[in-house]
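Participant: The sequence shown: position 338 = 338 (the numbering used here), numbered continuously.
Simulated from the structure, these hints should not be mistaken for laboratory data. Bear in mind the structure is a predicted one, so any value in this text is a computation, not a measurement. Some clues are possibly wrong.
Computed list of lysine to aspartate or glutamate pairs in EDC-like fashion (alpha-carbon distance at most 16 Å, straight line) [to be verified]:
1. K369 with D438
2. K401 with D243
3. K401 with D249
4. K401 with E242
5. K369 with E213
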Amino acid sequence: MARETWATRAGFILAAVGSAVGLGNIWRFPFITGQYGGSSFLITYLAFVVLIGFPAILVEFVIGRYTNLNPVGAIRELGSGAWNYLGWLFVGIGFVILSYYSVVAGWFLRYTLIGVTEGYALGGTEAAASLFGTVSTGLDTLLFHAVFMAIVIGIIAAGVREGIEVSVKVMVPAIIALLVGLAAYAFTLDGSAAAYSYYLSPDFGYLLANWTEILPAAAGQAFFTLSLGMGVMITYASYLGEDRNLASDAGVIVALDTLIAVIVGFVVFPFLFTAGIDPGGPGASAIFVSLTTAFATIPGGRILGVVFFAMVGVAALSSAISILEVLVSYLIDEAGVSRISAAVAIGVAVFLLGIPVTIDLIFLNLYDKLADGILLVLGSLLLAVFVGWVIPDTAREELSKGIGDLGRLGVAWIWIVRVPIAIVVIVSLYLGIVGYADFLTGPFAEWLAAR
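Use the sequences and the hints to build the structure in full.
Facilitator: See the structure below:
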């Protein structure tokens with residue numbers, strides 16, 4: 001079976017950006033930023049993206065392009081012994097993330113429909129919270145979860161060029177255009193000045209006092225938004241030709257992803273400050289409760305709400321197809337399964353895994369804290385060790401293709417992967433494990449005891 005390839009460079013870049021620009025940037029980024037001090041979190045996140053994200057994305061690119069295989073096959077071809085099992089970690093991560101990702105994406109689809117049919121005249125945060133409770137769990141939630149997964153399956157079944165590449169060439173530019181338009185409107189709101197101050201003026205005292213919480217949150221957010229540690233960039237790079245400049249492509253992808261994340265803050269926080277809403281509300285519900293309350297009070301809120309929630313639904317779709325492609329590419333490469341059969345089989349399995357999230361939000365926390373705080377960081381750490389210490393010469397040689405002689409830059413990249421990235425990721429992983437243990441012995445244990 002001939003392996004598919006990207007038709008154009010733009011198609012690859014937009015697919016990679018689409019993978020990065022999804023719920024991580026538009027749903028997760030605002031409430032995580034608000035939860036961890038606004039600008040204090042933002043500056044930490046940006047530091048992670050520049051110092052860790054860019055070198056780390058090259059790690060995945062060189063593995064994917066060198067092998068032209070899915071993550072399981074790629075690591076097996078390059079490594080030996082225990083390393084052969086590393087690829088399976090990415091398969092597991094993909095299953096976990098996409099299972100709850102699809103449920104959350106279904107929320108955005110439903111909020112879009114609510115805006116079209118009913119509007120957001122809610123009567124305060126209590127009414128908004130009640131609406132979220134209705135939307136986030138139950139049979140309707142299960143239905144929207146199924147609808148979203150069906151759309152993702154259909155795109156993946158169509159193939160790399162006709163499915164993924166065609167769809168992202170429409171979706172990603174539309175997302176950027178809508179975000180820029182919303183940010184321009186938000187600039188005119190009464191609360192924009194206070195919002196920008198909160199978002200852009202770092203409080204280093206707060207950062208120093210809360211770094212043990214901010215550090216793993218920022219690391220996890222950087223990995224999540226760049227789709228690192230889950231095998232997506234390995235898979236997408238496996239469809240590349242050897243003449244491509246991986247460093248240039250990585251720079252464009254990281255820059256666009258980060259720019260979009262920052263623009264989201266310029267959209268969301270002015271809405272919240274204008275409506276007099278605390279941006280630091282904790283949990284997955286924060287963005288829904290806060291924004292629907294804001295859309296009920298600001299001028300043109302109904303139209304803005306429909307546009308915003310629809311845009312996030314599209315962004316979620318662009319990310320979801322990248323995660324499912326990791327899982328599907330495994331069955332195609334390793335078992336010779338047809339693309340359509342693989343997409344349907346994996347998609348149904350992911351849907352089933354996500355059902356508990358439609359029943360109780362405790363499972364969203366259970367899945368998300370595991371994936372974001374531990375699995376993504378662990379995957380990135382193991383890849384850094386693998387490239388930095390097991391296959392450094394192969395990695396440098398692969399990176400040089402399409403660029404030319406890297407000289408000392410290639411050596412510097414390997415040492416960045418070996419030391420700074422490894423140290424920061426180890427610290428983040430430790431803090432993530434501690435945080436997850438606290439969740440298991442605290443809120444989750446209490447939930448189990450109450451059953």
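Participant: Now tell me if each hint is right for this structure.
Facilitator: These are the hints, each one checked on the structure:
Our distance criterion of 16 Å between C-alpha atoms is met by K369 and D438, whose separation comes to about 11 Å. Distance check on the hinted pair: K401 and D243 sit about 6 Å apart at the alpha-carbon level, within 16 Å; holds. Annotation: proposed proximity of K401 to D249 holds, straight-line Cα distance about 13 Å (limit 16 Å). This hinted pair checks out: K401 and E242 have alpha carbons roughly 6 Å apart, not beyond 16 Å.
Of the pairs offered as hints, the one joining K369 and E213 holds, with about 13 Å between alpha carbons and a cut-off of 16 Å not exceeded.
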